[in-house]
Each structure stands twice: as C-alpha cells, then as structure tokens.
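**Q** Reading the sequence shown from the start, the letters are residues 23 to 602 in our numbering.
Do not rely on the hints blindly, as some may be mistaken.
Stated by the list, open to error - Keeping only pairs whose Cα atoms sit at most 30 Å apart, straight-line, the calculated DSSO-like set for lysine-lysine is:
(1) K415 to K543
(2) K524 to K500
(3) K460 to K402
(4) K381 to K227
(5) K402 to K543
(6) K288 to K265
(7) K62 to K265
(8) K460 to K480
(9) K460 to K524
(10) K381 to K415
(11) K500 to K573
(12) K348 to K381
(13) K74 to K573
(14) K402 to K227
(15) K446 to K381
Unchecked claim - Restraint ranges, calculated between C-beta atoms of paired labels, are given here:
(16) D153 to R547: 24 to 30 Å
(17) Y427 to P462: 19 to 25 Å
(18) R547 to S244: 38 to 44 Å
Hints were generated in silico from the structure; no laboratory data involved. We put the CB at the ideal spot given by N, CA and C, even for glycine.
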Amino acid sequence: MLIQRLQFELPSLNRSWIIFVSWKYCSKQCQEAHWSSHKKDCRHPYNRPDWKPTWVSENREPAFAGGDTPQTHFGTHWAPEYLWGNTPAVDYLQLERNEGIFESVDRDFNLCFAASGDIRNLVMTVNGLPDDYQGRCKILLNDRSDHVTVRNILILYALLRDGPSPELAAETALHLMYSAALRSSDSSELRHCINAVYGDVMSVKSFPIRGVGTLSIEQDASNLFGEALTKLQASHNLQDSRKAMHDVMLSPERVDYRDRYLSGLKPSHRLSFLRFRESGVLLPFGDADLETFQEPNQLLFTASGKWVSMDSANPLFSWNVNEVVKSGQAHGLDNADIYGCLFVHVKAQFLEFARRVEKLHIDIHVSQLDARVASVLLQKGEMNPTLFGINPKFDRIETSNIADYAGIPSVLQDWSPVLNRGNKNAVVLVYLMNWVMKQPGASYSMMGPITMVTTNMKDVMERTSSMLDVDLRALIFKANMRRDPAFNNVLYNIDVFLDNHKHLQDYLTSIETNHITELCKLQLRTRNRICSKRFGVPLGARPNALPSVTKTEFYNIYMVGGCEPGVRFLEFGLSLNTTI
Numbered sequence: 023m024l025i026q027r028l029q030f031e032l033p034s035l036n037r038s039w040i041i042f043v044s045w046k047y048c049s050k051q052c053q054e055a056h057w058s059s060h061k062k063d064c065r066h067p068y069n070r071p072d073w074k075p076t077w078v079s080e081n082r083e084p085a086f087a088g089g090d091t092p093q094t095h096f097g098t099h100w101a102p103e104y105l106w107g108n109t110p111a112v113d114y115l116q117l118e119r120n121e122g123i124f125e126s127v128d129r130d131f132n133l134c135f136a137a138s139g140d141i142r143n144l145v146m147t148v149n150g151l152p153d154d155y156q157g158r159c160k161i162l163l164n165d166r167s168d169h170v171t172v173r174n175i176l177i178l179y180a181l182l183r184d185g186p187s188p189e190l191a192a193e194t195a196l197h198l199m200y201s202a203a204l205r206s207s208d209s210s211e212l213r214h215c216i217n218a219v220y221g222d223v224m225s226v227k228s229f230p231i232r233g234v235g236t237l238s239i240e241q242d243a244s245n246l247f248g249e250a251l252t253k254l255q256a257s258h259n260l261q262d263s264r265k266a267m268h269d270v271m272l273s274p275e276r277v278d279y280r281d282r283y284l285s286g287l288k289p290s291h292r293l294s295f296l297r298f299r300e301s302g303v304l305l306p307f308g309d310a311d312l313e314t315f316q317e318p319n320q321l322l323f324t325a326s327g328k329w330v331s332m333d334s335a336n337p338l339f340s341w342n343v344n345e346v347v348k349s350g351q352a353h354g355l356d357n358a359d360i361y362g363c364l365f366v367h368v369k370a371q372f373l374e375f376a377r378r379v380e381k382l383h384i385d386i387h388v389s390q391l392d393a394r395v396a397s398v399l400l401q402k403g404e405m406n407p408t409l410f411g412i413n414p415k416f417d418r419i420e421t422s423n424i425a426d427y428a429g430i431p432s433v434l435q436d437w438s439p440v441l442n443r444g445n446k447n448a449v450v451l452v453y454l455m456n457w458v459m460k461q462p463g464a465s466y467s468m469m470g471p472i473t474m475v476t477t478n479m480k481d482v483m484e485r486t487s488s489m490l491d492v493d494l495r496a497l498i499f500k501a502n503m504r505r506d507p508a509f510n511n512v513l514y515n516i517d518v519f520l521d522n523h524k525h526l527q528d529y530l531t532s533i534e535t536n537h538i539t540e541l542c543k544l545q546l547r548t549r550n551r552i553c554s555k556r557f558g559v560p561l562g563a564r565p566n567a568l569p570s571v572t573k574t575e576f577y578n579i580y581m582v583g584g585c586e587p588g589v590r591f592l593e594f595g596l597s598l599n600t601t602i
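Assemble the whole structure, with the sequences as input and the hints as a guide.
**A** Next comes the structure, spelled out in structure tokens:
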C-alpha cells in the first residue's frame with residue numbers, strides 16, 4: 023500500500039499538519055518525491071493485509087493460550103498505575119433522559135466521582151451541561167492513588183488556570199495526559215504547575231482559575247513527600263525514558279498479547295498503533311511537530327525512570343471510538359489515522375471543557391482518599407464543608423468498579439447516605455468487570471458442555487464470526503485452528519452476543535443485592551438512563567437486550583476500542599417508596 027501526503031490547516035484546532043490522509047499516492051512524481059521518508063511505513067509488515075502474528079510465523083502456541091512465551095504482566099513488579107481509563111468516557115448527567123435540559127438550566131448539581139481514575143468522565147459530564155447553564159455545579163473528584171491524584175490535579179490546573187489561552191491549554195493538557203515526551207513549552211508549563219500547586223506542603227489549598235469557579239485540592243500531608251511528588255523532581259533524558267517506555271510497551275516477551283490485539287485491526291490501524299508506541303506522542307500520523315517533543319513527561323515515569331503504566335494501556339480504550347472517528351473526519355482526517363482522530367477528539371473535548379469552566383459556575387474539589395473514607399468524611403460534613411456544606415448530597419455518585427472488590431452491598435451502604443433524595447433522578451452508578459468469572463455459565467470460558475448446548479453457543483459463535491468476516495465452517499476444519507488469529511478473535515469476542523442476563527440476576531441475588539437495596543431505600547433500575555447496560559446496546563434498552571451493531575460499530579467498539587463484553591453498568595436510583 024502507498025500513502026498520500028497532504029499539508030493543510032485546521033483552523034478550529036489552531037494547527038497546521040502534514041499528515042497521511044489516504045493510502046495511495048496522488049501521482050508517480052509524489053511517490054518519488056517522498057519515497058525516502060515513506061517507504062519504511064509503506065513497506066512495514068503491519069501495513070500488509072497478509073500480516074500474521076509472531077506465534078503463527080514461529081509455528082507455536084501463543085502465550086495467552088498457555089504457550090512457552092513468558093506471561094509476565096509487565097509493570098506489575100513495580101506496582102503500575104492505571105493512568106488511562108479502560109472504558110469509554112461517559113456523560114454522567116445525561117440530562118435529556120433525566121432532569122431535562124431545559125429544566126436544568128437554573129438547577130444546581132452536586133456530582134461525585136468516588137474512584138475517578140483519570141479526568142475523562144469529569145470532562146464529558148461538564149460538557150453535558152446546557153450551553154446556557156445558569157446554576158452552580160459542584161464536583162468531587164476522588165481517587166486513592168497518589169499518582170493518579172497528582173496527575174489529575176496538575177492536568178486540571180494546566181487546563182483551567184488563567185494565563186494560557188484555552189486552545190493552548192487544551193493541547194498541553196492532552197500531552198500531559200497521554201504523551202511520553204513533551205515540547206519545551208509543555209514541559210515549562212508542567213514545571214510552572216508543579217511549583218504553583220506543590221510549592222508548599224499545605225494539604226488543603228485552592229487555586230484561581232478562569233471564570234468564577236474554583237479548583238481546590240485536599241491531600242494528606244504525608245503523601246506530599248512520597249513517590250508521586252519525588253518523580254516530579256526527577257530528571258531523565260529522552261533516550262533513557264524512551265527505552266523505559268519501549269521496555270514495557272514494546273516488550274518482546276509480551277509480543278503475543280500485542281499481536282492478539284493487532285490481529286483484529288486494519289493494516290492502517292496497526293501502523294498507527296506502532297507509531298504511537300514507538301514515539302510515545304499522541305499526534306496525527308506524520309505531524310511535523312513530532313521532532314519538537316524532546317523532553318520526558320515526568321507524569322508517566324517513576325522517580326527512578328521506569329514507565330508507570332502496564333503494557334496493555336491504550337488511550338483509545340478511554341474514549342468512544344465511533345465518536346473519535348467522527349471527530350477526525352470532521353477535521354479532515356481519514357479514519358486510517360486512528361490516533362490522529364483521537365488527538366483531535368480529545369483536544370476538542372478538553373477545549374470545550376475549559377471554555378465551559380470559564381463561562382459557567384463550576385467548582386471542582388480533588389481529594390486523595392480511599393472511597394470508603396471519603397464517604398465517611400462526607401457523612402460527617404468534614405469534606406470541604408465550605409463547598410459542599412455539612413450535610414452534602416449528590417445527584418450523581420459514580421463508583422467505578424469498586425464493587426468488583428468491595429462488593430455492591432458495601433458500595434451502596436457507603437454512598438446511599440449522601441445521595442440527594444430530593445432529586446428523583448439521583449443515582450449511584452456501579453459497573454462490574456469481574457462478575458462473569460464468579461458466576462458459572464455467565465461467560466463462554468465458564469461454561470460446561472451441557473451449558474453450551476442449552477445456551478445455543480452455535481448461533482452466538484456464528485454471529486460473532488459474521489461480524490469479524492470469518493468463515494466459521496472453513497475455520498473449524500483448519501489445521502492448527504487454535505493458532506489461527508481469526509479463531510482467537512472469535513473466541514475473545516464470543517461473549518459480545520451472549521445472553522447472560524439471567525446469570526447476572528443470579529449473581530446479584532447471590533450477593534443479596536435486593537436486601538441491601540431495600541435497606542438503603544434504593545432500587546436497581548430496569549432500564550438505564552445514564553450508561554448503556556452493556557457495550558453495544560442503546561441507552562434505555564430492555565434489560566436482556568443484546569448488542570445491535572453494524573460491522574463498523576463492532577470493529578470500533580470491541581476491536582479498536584477494546585471494550586470487554588462482560589462489563590455491566592448498574593444504576594441504583596431511589597426506591598419508589600422514597601418520599602421526595
């Protein structure tokens with residue numbers, strides 16, 4: 023395949039790019055003129071439609087199927103952080119389906135992200151407020167990780183502080199969040215933010231930002247002297263930092279896990295993936311600015327220079343890929359440049375967020391606490407009472423997947439006391455990732471032969487194969503079928519169309535969810551109004567609805583976006599017997 027190189031302006035994002043927008047040259051002259059710089063990409067094996075994973079070319083079992091290649095999860099021996107979310111960003115207000123957009127213009131909202139991870143959901147939720155919003159929105163952004171919290175504080179401050187224009191701030195914040203190397207201007211801004219935020223050891227402080235709102239933080243003083251801040255004072259050279267990143271993100275020992283993901287991608291997306299992992303910089307493919315990113319991003323390395331995240335981390339998993347592609351196309355990018363599309367999508371979201379905070383009344387309080395401790399302090403009125411008051415109540419409480427570890431009963435007992443019972447749309451949000459491994463029959467991997475027959479797995483497998491354009495009949499009769507990447511792609515995604523709603527109900531019954539909801543005067547919503555119950559189904563679909571997606575949507579959601587088929591989103595609203 024060959025590549026066309028075009029240079030054009032994108033005024034809305036204040037950039038001039040030289041990017042690859044299609045996969046053929048416009049002329050023989052163009053090919054000859056740019057061949058020296060393009061032939062590496064054009065001839066790369068990833069760019070070939072007949073590319074095969076390493077385990078196929080080496081004629082062996084893949085590591086994830088129990089082969090001989092080491093299965094070490096790179097990063098675990100130095101306690102990696104989950105700095106990039108692994109579910110797409112969500113607007114947790116969804117006003118159109120809840121309070122109503124017109125009805126919310128003058129309404130005050132209190133929002134709580136109990137285990138926030140990064141800032142993507144905060145950004146999407148603020149962007150979901152009405153354009154002419156006249157109320158006041160107070161937000162608690164909490165996470166127990168010092169690394170995550172320090173990153174969130176510095177990125178938010180860089181994005182919202184008075185000084186740089188929102189356009190410049192949005193791009194800087196994007197690189198602080200996703201790029202392993204920075205431009206000198208980004209690095210200078212990071213140093214400024216570090217000095218402004220952590221120039222003293224006060225554990226509670228507030229910072230001026232654009233507009234009338236506030237950005238305040240609360241961290242235990244003991245955390246101010248730990249690894250999270252020590253790394254901000256460290257100095258690394260680009261060569262060593264890039265090697266540390268490559269040792270994890272391009273580790274030879276993890277090639278089978280990378281290849282499993284890549285085997286489901288189009289050639290152009292494989293190449294885009296490689297470019298991001300090699301450079302560590304989130305930019306459109308071929309952006310002329312890449313050479314200016316020469317300073318390591320301290321937010322992505324430990325004090326000793328190790329790469330912080332796990333090798334499976336992928337910023338594409340943090341955003342709705344269908345929307346990412348639309349954003350790229352709206353700005354003139356071909357969807358072949360998937361990370362370029364992600365760049366313009368995230369920058370547009372960050373820019374909108376910065377503009378809204380500037381013109382609306384948004385107060386953000388960032389804390390670093392275990393979620394249970396945070397709920398206790400809120401109930402005691404000891405969490406920033408100046409902002410939240412001594413009896414705080416929240417309209418949305420997003421608890422991430424805490425329930426996977428603490429259990430749904432614990433989460434609801436902790437957080438229902440601070441739910442706003444004066445708002446019939448108030449809700450505690452929970453999502454489950456690990457339940458399928460605890461409930462027999464909930465996943466293909468947890469089924470016995472009899473269950474497979476009664477569940478009609480043949481139809482499920484045929485539907486999955488169809489989405490992947492795999493000839494299932496031919497595949498079954500192939501020699502070494504289990505080594506075939508097509509087989510592994512079918513197997514890895516087979517739960518997408520599995521009807522395991524009854525298994526979910528059985529799981530919820532086994533952990534006495536009905537009892538705890540009654541005790542907390544809550545009820546599990548039959549039809550969700552904030553998050554789709556599972557990936558690929560519409561918001562508000564019936565409880566047992568299966569994904570109804572086109573092949574393109576399937577590809578974007580599961581293959582590129584990495585959405586796990588077993589994830590379920592639960593919404594616990596007020597009981598019908600609750601007095602409003």
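**Q** So which of the earlier hints does this model not fit?
**A** Hint check: 2 and 3 fail, others pass.
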